[in-house]
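Add chain B with the ligands to chain A, keeping to what the hints say.
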Amino acid sequence: MSILLNEESRIVIQGITGGEGSFHAREAVEFGSKVVAGVTPGKGGTDVDGIPVYNRVIDAVVNEGANASGIYVPAAFAPDAILESIEAGIKLIVCMTEGIPALEMVRVKKALKGTGSYLIGPNCPGITTPGVGKIGFMPNFIHKEGNVGVISRSGTLTYEVINMLTNLGIGQTTSVGIGGDPIVGSTFVDMLELFEADPATDLVAIIGEIGGNAEEEAARFVEEKMTKPLVGFIAGQTAPPGKRMGHAGAIISGGKGTAAEKMKAWGDAGIKVVENPAEIGKAAVSILNS
Amino acid sequence: MKIHEYQAKKIFKDYGIPIPEGDVATTPEEVRNIAERIGKRVVVKAQIHAGGRGKGGGVKTADSPEEAEKVAGEIIGMNLVTHQTGPEGKKVKTVLVEEALDIEKELYLGIAIDRAADQEQPVIMASEAGGMEIEEVASKTPEKIIKVGANPVGSFSGFQGRKIAYGLGMNKPVVGKASKIIESLYRLFVEKDASLVEINPLLLTKDGELLALDAKINFDDDGLYRHPEIKELRDVDEEEPLELKASNAGVNYIKLDGNVGCMVNGAGLAMATMDLIKLAGGEPANFLDVGGGASAESIEKAFRILTSDKNVKAILVNIFGGILRCDRVASGVIEAATNMNLTLPMVVRLQGTNVEEGRKLLQESSLKFEVAEGLFEAAEKVVALV
Ligand SMILES: Nc1ncnc2c1ncn2[C@@H]1O[C@H](COP(=O)(O)OP(=O)(O)O)[C@@H](O)[C@H]1O
Ligand SMILES: [Mg+2]
Numbered sequence: 001m002s003i004l005l006n007e008e009s010r011i012v013i014q015g016i017t018g019g020e021g022s023f024h025a026r027e028a029v030e031f032g033s034k035v036v037a038g039v040t041p042g043k044g045g046t047d048v049d050g051i052p053v054y055n056r057v058i059d060a061v062v063n064e065g066a067n068a069s070g071i072y073v074p075a076a077f078a079p080d081a082i083l084e085s086i087e088a089g090i091k092l093i094v095c096m097t098e099g100i101p102a103l104e105m106v107r108v109k110k111a112l113k114g115t116g117s118y119l120i121g122p123n124c125p126g127i128t129t130p131g132v133g134k135i136g137f138m139p140n141f142i143h144k145e146g147n148v149g150v151i152s153r154s155g156t157l158t159y160e161v162i163n164m165l166t167n168l169g170i171g172q173t174t175s176v177g178i179g180g181d182p183i184v185g186s187t188f189v190d191m192l193e194l195f196e197a198d199p200a201t202d203l204v205a206i207i208g209e210i211g212g213n214a215e216e217e218a219a220r221f222v223e224e225k226m227t228k229p230l231v232g233f234i235a236g237q238t239a240p241p242g243k244r245m246g247h248a249g250a251i252i253s254g255g256k257g258t259a260a261e262k263m264k265a266w267g268d269a270g271i272k273v274v275e276n277p278a279e280i281g282k283a284a285v286s287i288l289n290s
Numbered sequence: 291m292k293i294h295e296y297q298a299k300k301i302f303k304d305y306g307i308p309i310p311e312g313d314v315a316t317t318p319e320e321v322r323n324i325a326e327r328i329g330k331r332v333v334v335k336a337q338i339h340a341g342g343r344g345k346g347g348g349v350k351t352a353d354s355p356e357e358a359e360k361v362a363g364e365i366i367g368m369n370l371v372t373h374q375t376g377p378e379g380k381k382v383k384t385v386l387v388e389e390a391l392d393i394e395k396e397l398y399l400g401i402a403i404d405r406a407a408d409q410e411q412p413v414i415m416a417s418e419a420g421g422m423e424i425e426e427v428a429s430k431t432p433e434k435i436i437k438v439g440a441n442p443v444g445s446f447s448g449f450q451g452r453k454i455a456y457g458l459g460m461n462k463p464v465v466g467k468a469s470k471i472i473e474s475l476y477r478l479f480v481e482k483d484a485s486l487v488e489i490n491p492l493l494l495t496k497d498g499e500l501l502a503l504d505a506k507i508n509f510d511d512d513g514l515y516r517h518p519e520i521k522e523l524r525d526v527d528e529e530e531p532l533e534l535k536a537s538n539a540g541v542n543y544i545k546l547d548g549n550v551g552c553m554v555n556g557a558g559l560a561m562a563t564m565d566l567i568k569l570a571g572g573e574p575a576n577f578l579d580v581g582g583g584a585s586a587e588s589i590e591k592a593f594r595i596l597t598s599d600k601n602v603k604a605i606l607v608n609i610f611g612g613i614l615r616c617d618r619v620a621s622g623v624i625e626a627a628t629n630m631n632l633t634l635p636m637v638v639r640l641q642g643t644n645v646e647e648g649r650k651l652l653q654e655s656s657l658k659f660e661v662a663e664g665l666f667e668a669a670e671k672v673v674a675l676v
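For the protein sequence lines, the chains are A and B, in the order given.
Sequential numbering of the first sequence, starting at 1, is according to the numbering used here.
Sequential numbering of the second sequence, starting at 291, is according to the numbering used here.
If you are wondering where the hints come from, they were derived from the structure by calculation, not from laboratory data.
Just so it is clear, the structure is predicted and the values come from calculations on it, not from any experiment.
Think of the CB as a built atom: it goes at the ideal place given N, C-alpha and C, for glycine as much as any other residue.
Hints may be right or wrong, so weigh each one.
Unchecked claim - Keeping only pairs whose Cα atoms sit at most 30 Å apart, straight-line, the calculated DSSO-like set for lysine-lysine is:
#  : chain 1 : residue 1 : chain 2 : residue 2
1  : B       : Lys-453   : A       : Lys-243
2  : A       : Lys-110   : B       : Lys-600
3  : A       : Lys-243   : B       : Lys-437
4  : A       : Lys-243   : B       : Lys-470
5  : B       : Lys-383   : B       : Lys-482
6  : A       : Lys-256   : B       : Lys-482
7  : B       : Lys-437   : A       : Lys-264
8  : B       : Lys-381   : A       : Lys-243
9  : B       : Lys-434   : A       : Lys-256
10 : B       : Lys-437   : A       : Lys-109
11 : A       : Lys-113   : B       : Lys-462
12 : B       : Lys-568   : A       : Lys-272
13 : B       : Lys-292   : A       : Lys-109
14 : A       : Lys-264   : B       : Lys-430
15 : A       : Lys-110   : B       : Lys-434
16 : A       : Lys-243   : B       : Lys-292
Claimed, not checked - If the Cβ cut is set under 8 Å, some of the chain B residues that face chain A in the computed set are:
#  : residue
17 : Glu-473
18 : Val-526
19 : Pro-574
Here chain A stands alone, though its shape is the one from the complex (with noise of 0.2 Å):
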């Protein structure tokens, strides 16, 4: 079992013609993902490798029954092509874009209200179910199927901690990266919601950062809604206040979302926070064996 990618999952890349939408759509075959077809305005009735390109996503889904999407547009027309598979029905939405205008996301946001679709990202690794596939960055070669959801707002160390739970002989359920800008399609909270209810899931890895409040949002949802155990690290202890690192997302503003801050909440929740990032494999380890 896994969250949101499963066998069922059938994937439309939007630019897939592009540099890195046909490189990420190979990645993506050869780690056995079921990529069905390719979108790109005006390149329709084309193929990338056998998979057919067409000019809409309402066609990808008429055609070839897609239901998932993966998202490698420029900032200029991502959200107009999140907006396209909203419309379109998919239900996954896995959007890696960086730099959307937060106004616009805001926009989106308003437009999947209600629809029951799930997007991931923008500016996010996307997300891999071992066994099954995956639509994003992450390399192929760190997975392992197993019992423990990751999620995290960042990229490499996203990658980092799924390598040390691997190399652990600790496997994933599914691994989900929901991106570093300050709003985003889904929140910790959403993914927590979705790993309670999964069977499979065992324990989830939860990697924050500073800013923002969607730590302390987790945090309300995990004191009140989960059963299952959860080890957590927030990155940017040594940050100082007022400097974006990075990701828009990462910023200390007016002495709220510090990792002190967060990383408390998650203690006082239950999380078994720790301080040294190398040290998330072995607390896991001692959760699944106690």
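Chain B with the ligands in isolation, oriented as in the chain A frame:
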């Protein structure tokens, strides 16, 4: 991106938000001329990218053009320290000279995006307790701040302005003016991809007029691509020189106070690496994210930036190779270090695709790299070198 008060006031004017009469100057003589033209008591205001100028001595009134020239002499060239500049302060090059208005009441009006899950939209904030103490008000008596969420998909509705204006205790003629200002400010926020707009104080005069005495606009960097007119307002003198150099090189760099330089791919991993250095007993000298496609050139640029900080005594390179292969990173590091004649002690930790090949290249090179495997091991090794 941040801009100066005088630039923000020009944008306010375009949107019909009333501002005091005034002009900018860079010399005391110009200030005197402007004060003469205004022909009454003036305020001379330091233009830096930080608030709290009033309390820091960067805003001064003058009764005559002579006095204006004198206070301008004090402000121009001063190193202004406010609670927002940090202890190092900021050098003042430009001042805004404007008519001094009689203050009946100072209000606060601001718009920002509220990231809370139940909002995720712009929120308009207003308070009767505006002026220089607003941060106190926000933290001690948050109930004194009125908040109204605004959905940019729909258009602004009159009740939103009225909700705030009546909430601020205004009466009929002023309510209409306030609503108009609120609507204009909201339109500006949405149309210009702002991340924060603030009028603090919004002055209410004795005759019931409203004027923006201060103006602050921060822009969403991700929105700048569609606002070339805003991009032009950037003042690079306000930016940390090394950070500016880094952003021009496409590298994400922030200078810190420690002596362990680090170079990492990915913002989250870069922050985690700083945390590890601290846990190992050291102090990180910087945050540096080389980005996803680190090439030999970008690695060299990153090295040049982080070593121009003379506090750096040792370097930790921490790269997780996914699509970017570790052997390519290793050759990039070797090439850059050789080109630059880099003599600082260095620990390199590679993980991921082709890691064995990468480590072998480093070990066989004539340069003295320490190679680490574990995350914490790498931090401990580099801290031992300083
Ligand atoms: N044109 C003006 N006329 C009268 N008083 C002013 C004027 N501009 C500013 N002030 C006063 O100076 C204070 C500080 O100025 P402001 O522009 O808000 O700078 P900062 O917020 O950086 O301290 C204001 O709260 C206001 O009381
Ligand atoms: Mg002010």
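Each hint tested on the structure:
no.: 1; hint: B:Lys-453 <-> A:Lys-243; result: 34 Å, violated
no.: 2; hint: A:Lys-110 <-> B:Lys-600; result: 49 Å, violated
no.: 3; hint: A:Lys-243 <-> B:Lys-437; result: 26 Å, holds
no.: 4; hint: A:Lys-243 <-> B:Lys-470; result: 34 Å, violated
no.: 5; hint: B:Lys-383 <-> B:Lys-482; result: 27 Å, holds
no.: 6; hint: A:Lys-256 <-> B:Lys-482; result: 26 Å, holds
no.: 7; hint: B:Lys-437 <-> A:Lys-264; result: 28 Å, holds
no.: 8; hint: B:Lys-381 <-> A:Lys-243; result: 20 Å, holds
no.: 9; hint: B:Lys-434 <-> A:Lys-256; result: 19 Å, holds
no.: 10; hint: B:Lys-437 <-> A:Lys-109; result: 21 Å, holds
no.: 11; hint: A:Lys-113 <-> B:Lys-462; result: 38 Å, violated
no.: 12; hint: B:Lys-568 <-> A:Lys-272; result: 21 Å, holds
no.: 13; hint: B:Lys-292 <-> A:Lys-109; result: 26 Å, holds
no.: 14; hint: A:Lys-264 <-> B:Lys-430; result: 22 Å, holds
no.: 15; hint: A:Lys-110 <-> B:Lys-434; result: 29 Å, holds
no.: 16; hint: A:Lys-243 <-> B:Lys-292; result: 13 Å, holds
no.: 17; hint: Glu-473; result: 17 Å, violated
no.: 18; hint: Val-526; result: 17 Å, violated
no.: 19; hint: Pro-574; result: 6 Å, holds
In terms of the numbered hints stated before, the structure departs from hints 1, 2, 4, 11, 17, 18, listed from lowest to highest.
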